[in-house]
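Q: Guided by the hints, dock chain Y onto chain R, whose structure is given.
Protein chains: 2
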Amino acid sequence: MLKRVTSMVNAGAMSGSGNLMDFLDEPFPDVGTYEDFHTIDWLREKSRDTDRHRKITSKSKESIWEFIKSLLDAWSGWVVMLLIGLLAGTLAGVIDLAVDWMTDLKEGVCLSAFWYSHEQCCWTSNETTFEDRDKCPLWQKWSELLVNQSEGASAYILNYLMYILWALLFAFLAVSLVRVFAPYACGSGIPEIKTILSGFIIRGYLGKWTLLIKTVTLVLVVSSGLSLGKEGPLVHVACCCGNFFSSLFSKYSKNEGKRREVLSAAAAAGVSVAFGAPIGGVLFSLEEVSYYFPLKTLWRSFFAALVAAFTLRSINPFGNSRLVLFYVEYHTPWRRKTTKLGKYPVLEVIAVTAITAIIAYPNPYTRRSTSELISELFNDCGALESSQLCDYINDPNMTRPVDDIPDRPAGVGVYTAMWQLALALIFKIVITIFTFGMKIPSGLFIPSMAVGAMAGRMVGIGVEQLAYHHHDWIIFRNWCRPGADCVTPGLYAMVGAAACLGGVTRMTVSLVVIMFELTGGLEYIVPLMAAAVTSKWVADAFGKEGIYEAHIHLNGYPFLDVKDEFTHRTLATDVMRPRRGEPPLSVLTQDSMTVEDVETLIKETDYNGFPVVVSRDSERLIGFAQRRELILAIKNARQRQEGIVSNSIMYFTEEPPELPANSPHPLKLRRVLNLSPFTVTDHTPMETVVDIFRKLGLRQCLVTRSGRLLGIITKKDVLRHMAQMANQDPESIMFN
Amino acid sequence: MLKRVTSMVNAGAMSGSGNLMDFLDEPFPDVGTYEDFHTIDWLREKSRDTDRHRKITSKSKESIWEFIKSLLDAWSGWVVMLLIGLLAGTLAGVIDLAVDWMTDLKEGVCLSAFWYSHEQCCWTSNETTFEDRDKCPLWQKWSELLVNQSEGASAYILNYLMYILWALLFAFLAVSLVRVFAPYACGSGIPEIKTILSGFIIRGYLGKWTLLIKTVTLVLVVSSGLSLGKEGPLVHVACCCGNFFSSLFSKYSKNEGKRREVLSAAAAAGVSVAFGAPIGGVLFSLEEVSYYFPLKTLWRSFFAALVAAFTLRSINPFGNSRLVLFYVEYHTPWRRKTTKLGKYPVLEVIAVTAITAIIAYPNPYTRRSTSELISELFNDCGALESSQLCDYINDPNMTRPVDDIPDRPAGVGVYTAMWQLALALIFKIVITIFTFGMKIPSGLFIPSMAVGAMAGRMVGIGVEQLAYHHHDWIIFRNWCRPGADCVTPGLYAMVGAAACLGGVTRMTVSLVVIMFELTGGLEYIVPLMAAAVTSKWVADAFGKEGIYEAHIHLNGYPFLDVKDEFTHRTLATDVMRPRRGEPPLSVLTQDSMTVEDVETLIKETDYNGFPVVVSRDSERLIGFAQRRELILAIKNARQRQEGIVSNSIMYFTEEPPELPANSPHPLKLRRVLNLSPFTVTDHTPMETVVDIFRKLGLRQCLVTRSGRLLGIITKKDVLRHMAQMANQDPESIMFN
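Here the protein sequences come in this chain order: R and Y. Just so you know, the UniProt record's numbering puts 391 at position 391 of the first sequence, and the rest follows in order with no gaps. Just so you know, the UniProt record's numbering puts 374 at position 374 of the second sequence, and the rest follows in order with no gaps.
The hints are simulated quantities; they were obtained by calculation from the structure and are not laboratory data. None of the values given here were measured: they were computed from a predicted structure. Misleading hints may appear alongside valid ones.
The list makes no distinction among identical chains, and a pair is therefore deemed to hold if it is satisfied within one copy or across any two copies.
What the hints assert, rightly or not - Below, computed lysine-lysine pairings styled on DSS-like, alpha-carbon distance capped at 27 Å:
| no. | residue 1 | residue 2 |
| --- | --- | --- |
| 1 | Lys716 | Lys296 |
| 2 | Lys55 | Lys544 |
| 3 | Lys296 | Lys544 |
| 4 | Lys296 | Lys69 |
| 5 | Lys716 | Lys254 |
| 6 | Lys59 | Lys544 |
| 7 | Lys208 | Lys695 |
| 8 | Lys258 | Lys544 |
| 9 | Lys544 | Lys69 |
| 10 | Lys603 | Lys439 |
| 11 | Lys61 | Lys544 |
| 12 | Lys544 | Lys695 |
| 13 | Lys69 | Lys55 |
| 14 | Lys603 | Lys141 |
| 15 | Lys258 | Lys695 |
| 16 | Lys69 | Lys716 |
| 17 | Lys59 | Lys296 |
Chain R on its own, in the form it takes in the complex (with noise of 0.2 Å):
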């Protein structure tokens, strides 16, 4: 809009009235940007870009060299996409090959070279059967080295001891990291980043430093066996290489609208990377994360999410096999705001991975890696299988293939599986509770798939010992004869962990895809959907929030959410500002203000900008101008233009007012005016407001009555306004 302002501007001075006009032709410095904790206007900065893309145009058919920068120009979105694409899943990939030696590190060493994890020690070693491999020579335990036992009380604990003090090391390290260079690492950062795409400036929020410290601490915190997950923060880390890449190119850094387009494919990729999941992740942004999202970003997140599923690939962390697909630890964030411990986060990491390694390490399902856990829960009991989960009697007549066994009586193994799991399912639910609040990067996402798959098993379990021993019910009779397949504890497990992940994010379409990409399994889509549908209906009748949207009003983001509906009585007439008793509006008149007038207003207001009427008697509305362009202009023409004194009358018209013949040199300042300031008249409903400014994306509004000017709404009245409505607190709103 600025730009679009400034060509009338010149078209003005062509037609006659040039000579105040010189100096403004520059754009003065800083102009289009936003201040820290500030709502961009989603309509000027489109404006802005199709202002730039048309010079672009015009300028291409000049000269060849101009052409190609065209075309680079336009080549630059999938340029970007190609270079987030390669560095998300480079760093995804590095992340995890990191997480698998430290993960391995707390357990024992490679004599042959110590940066090897425990699979890559014993690929060379000379064990061939299946039962020896992961027995090698070349992997001694910590109690094989140190002491030289393997076995036996001392080696169990020993073991244990050097368990814990590695994952204490890991934990202090990264909330050390954390709180000394990057404060904004911690947590997993999708609640922000949501509120960042909505249109929210946080500065650094995914700066360098943010990204090298949260890639680092990431692999720290999942190495330690903390009961958190790193896919919430690799969204995160992907952002944070989208908003690195985008400033290298002006078309996305001087633009924040763009940027923002470029920030929604980046969560994409994280997605894709996280999960080895391209479609959901685009699903998730789409759904979950974005706000402003043109079918343009959607082939761009594709794109993106395609070339970092690729990458991570290429480097190849998981092998070949669809299981370790469960190779990804967890997701899903949110901080407290505040709680005693709170005040101390290092001695709160500290007890918290304490209290994590001393319980985890005697319990076989907390021990292992959680997307370890998970794999176990999913899979269905082959004849061959070792897992205590799969001990069941067998009967010694049977000579049926391995791919289709019957339902058997469990045996001891599965009884101990079932109390194991009954403990470490109280210990995880718990323990992830207190987690997820500190200032380390986290996520939620594997932590809660765990819970679920854990329920879901045990139920399955159960379910399948009942058809077993009573086959004559009702329910079982018809497809549970003896010696049939009819119950797949995997397949419960699976659904409990789509159904507690519904239950916590309250995704759905994309829940359902990424858990079909992550197993591969397209038969179980109609349980899918149907847990995850339950699981939405169950729990938005405990409350409508997800974890990211509560997190957000935990925080007084300003984010104006799609999914709330608004369905007040309540016109614009009951929001606007000023409120009855309130003095009136700050306005400022088309031609018969001073320079000092201004600034005085300026100084004694904080408003974000002032509308411009003709004059304080007729109060017809003609146009917004920006605080801090106003602040910008008069500074540069105070400096820079002669005769500019605090007596100058300040004038929006296009032609100077007539003044006396000794009065200064007036101010021409049209071009930091905004033409088309949005305007509705007192009588609209509140709801077609709230539509309005999240559609539009709006920073603020004028309101008017028969073409007088009434008032103003901004974005923070809005929200404050449905908060009330809502019976919340309004001065929970923070920022505008």
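A: Chain Y only, in chain R's frame:
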């Protein structure tokens, strides 16, 4: 908005001026409906729904019965989705079964029961060997039945003739039914559904007759062997179901905006049953079809798609094999505007059917159904594969397992297949072009996939043979050692199908999801994504429009595409009416026109509504009155309100104007006044105006300068301006 105004009027009535109000409390009939071939006002529909919702919520506190009614209302959305899913799934299943039977009827008949298809007939046959299963004695070819010959030239010719005869009969029946009973049943309907979803009214397009006739004729045309598909028409059929069920609930039948939410979900259910791809269906509806897609609709679509897929699977026309998911025929449609043949639709259909049947029968790749063809082309060649495409020369010494066959030299069968495929490819491309435009239900999805799959398979076989014979070339050297299985022609076919379909429809994400729901091939995400993105790039270089958009433009529907970017420099003042030199805008004044004045104005103009201003001098805007509602209100008042004559003054203010003592009773019309019309300033860039029309779904927008009314911009004006800027004929936009 209307209802809100009512409530304000009521408030006014209570506060004193009630005597004129009583009759206005009841809505006049037909208020809130639209005329055929007109655009709806989304904001208004939304506002009306919120009002209805509020009324129900406040009533629900009055009694238990009202509370139950409010619960029923809240759940009616899910009930409608359930019903749509059930009906759409059932219809799709019935269509599949009927097509099965009638396609086989062209070749022969079952002696045990004539309503059995070939497969059903032979199920009970005693022939158990695999090769003879198709040759059971109960199934008789026409030559066997009529002249008792199963081999030889005369039998071949007789079967050929019967094949052509049946095809002609089916096609003739179909085109006659469409012509006589439901002209809207022709084509696929997707472009019209897109237009309807964007807020256009086409009465009868989704009616019960269309539903019935389209279902019946779809079976006929698919069975006739024409080169068309049933997927697009199935989306239309599902939308007809959606329209039918939404007419049962006043929540949806009385609100065009809410009805469109149901239709979006119905479209998802349609794709879900067409391909057996529920998630692809939801994405297709989101990416390709829908206009207004709130998150609530996403979940509901998801649910409808789930129910539909489940119902279809229960009817189970495909058995359990994954390949037969390919028993989908074809998809994506359009119709030509006119051709010479187009004037004789029945003749056209008969001619094309005859040509199709005559040419298709001799070539095995065109005689079989296209879905079977695609399925064969996608398949990899196992050792036991009997297909001509798998006639490779096997190494007799080979002892490799069945599923790991190395590249082999092609045998005679493969070379024959290549020639036949090449001929089939050319035939398919040509005949599909002619088939699209005919006046029968038809889709383009499967024909495009077939074309892509044929081309892909041929390239695949070529590369395979090249790799076999030249495995020392640089590009093959690394992974094509002799004896390795390095080229899979089936995958080339799959990628080719995706690319061709992507080029035609310009879908990306939903295409990939549909493809992998169809093939179950999660491993192929990366090549499929790459194919989708590349084909979109290449196709976009030829023109930005997909086939649906092209058709919408051809028909001149008022569709404001969210994908089109408007980047021109025009302002609202360039587009608004009246233009320079045109007569001034027709406006109403708030309290100085008589009933007769208004009636004359309505008679002399055909505008859809009139702005209301304070007076002709001040031109300050106070609201907007719809033509249709003005007419209804005046008619109503003249009939039912005493003292209203042609000389009565009409007023839109709260209080009646002061009138001379003997003047007739004035008519209060505040009820039909929209007090919150949308306004922009004359300086607003058209880019912003287009954005507002798109995102808020406006019908018209008023243009002001400094609070004074200057003109009006309608959706038609916007579309015409966009056409003009794109150097197209603005007169091609025909509706408003």
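Q: If a hint holds in the structure, say so; if it doesn't, say that too.
A: So, going through the hints one by one against the coordinates:
In the homo-oligomer, the alpha carbons of lysine 716 and lysine 296 lie at most 27 Å apart only across protomers (25 Å), although the nearest pairing inside one protomer, at 30 Å, exceeds that limit. For a Cα distance limit of 27 Å, the shortest separation of lysine 55 from lysine 544 across copies, 22 Å, qualifies, whereas the shortest one inside one copy, 46 Å, does not. Proximity of lysine 296 to lysine 544 under the C-alpha cut-off of 27 Å is restricted to the inter-copy arrangement: shortest distance 12 Å between copies versus 30 Å within a copy. Only within a single protomer do lysine 296 and lysine 69 lie at most 27 Å apart by alpha-carbon distance; the minimum there is 21 Å, versus 44 Å between protomers.
In the homo-oligomer, the alpha carbons of lysine 716 and lysine 254 lie at most 27 Å apart inside one protomer (25 Å), although the nearest pairing across protomers, at 35 Å, exceeds that limit. For a Cα distance limit of 27 Å, the shortest separation of lysine 59 from lysine 544 across copies, 23 Å, qualifies, whereas the shortest one inside one copy, 51 Å, does not. In the homo-oligomer, the alpha carbons of lysine 208 and lysine 695 never lie at most 27 Å apart, since the shortest distance is 31 Å inside one protomer and 36 Å across protomers. In this assembly of identical chains, lysine 258 and lysine 544 lie within 27 Å of each other by CA distance solely across copies; the values are 21 Å between and 31 Å within a copy.
In this homomeric assembly, lysine 544 and lysine 69 come within 27 Å of each other (Cα to Cα) only across copies, at 22 Å, whereas the closest approach inside a single copy is 49 Å. Proximity of lysine 603 to lysine 439 under the C-alpha cut-off of 27 Å is found in neither arrangement, the shortest distances being 39 Å within a copy and 72 Å between copies. With identical chains, the CA atoms of lysine 61 and lysine 544 are at most 27 Å apart between copies only, with a shortest distance of 22 Å across copies and 54 Å within one. For the identical chains of this complex, lysine 544 and lysine 695 are neighbours both inside a copy (21 Å) and across copies (25 Å), given an alpha-carbon limit of 27 Å.
Proximity of lysine 69 and lysine 55 under a CA criterion of 27 Å is satisfied intra-copy only: 12 Å inside one chain copy versus 59 Å between copies. Taking identical chains as interchangeable, the C-alpha atoms of lysine 603 and lysine 141 are never at most 27 Å apart, the minima being 69 Å within one chain and 95 Å between chains. Taking the shortest Cα distances, lysine 258 and lysine 695 sit within 27 Å of each other both inside one copy (16 Å) and across copies (18 Å). In this assembly of identical chains, lysine 69 and lysine 716 lie within 27 Å of each other by CA distance neither inside one copy nor across copies; the values are 41 Å within and 37 Å between.
In this assembly of identical chains, lysine 59 and lysine 296 lie within 27 Å of each other by CA distance solely inside one copy; the values are 24 Å within and 45 Å between copies.
Hints 7, 10, 14 and 16, counting from the list given before, are not met by this structure.
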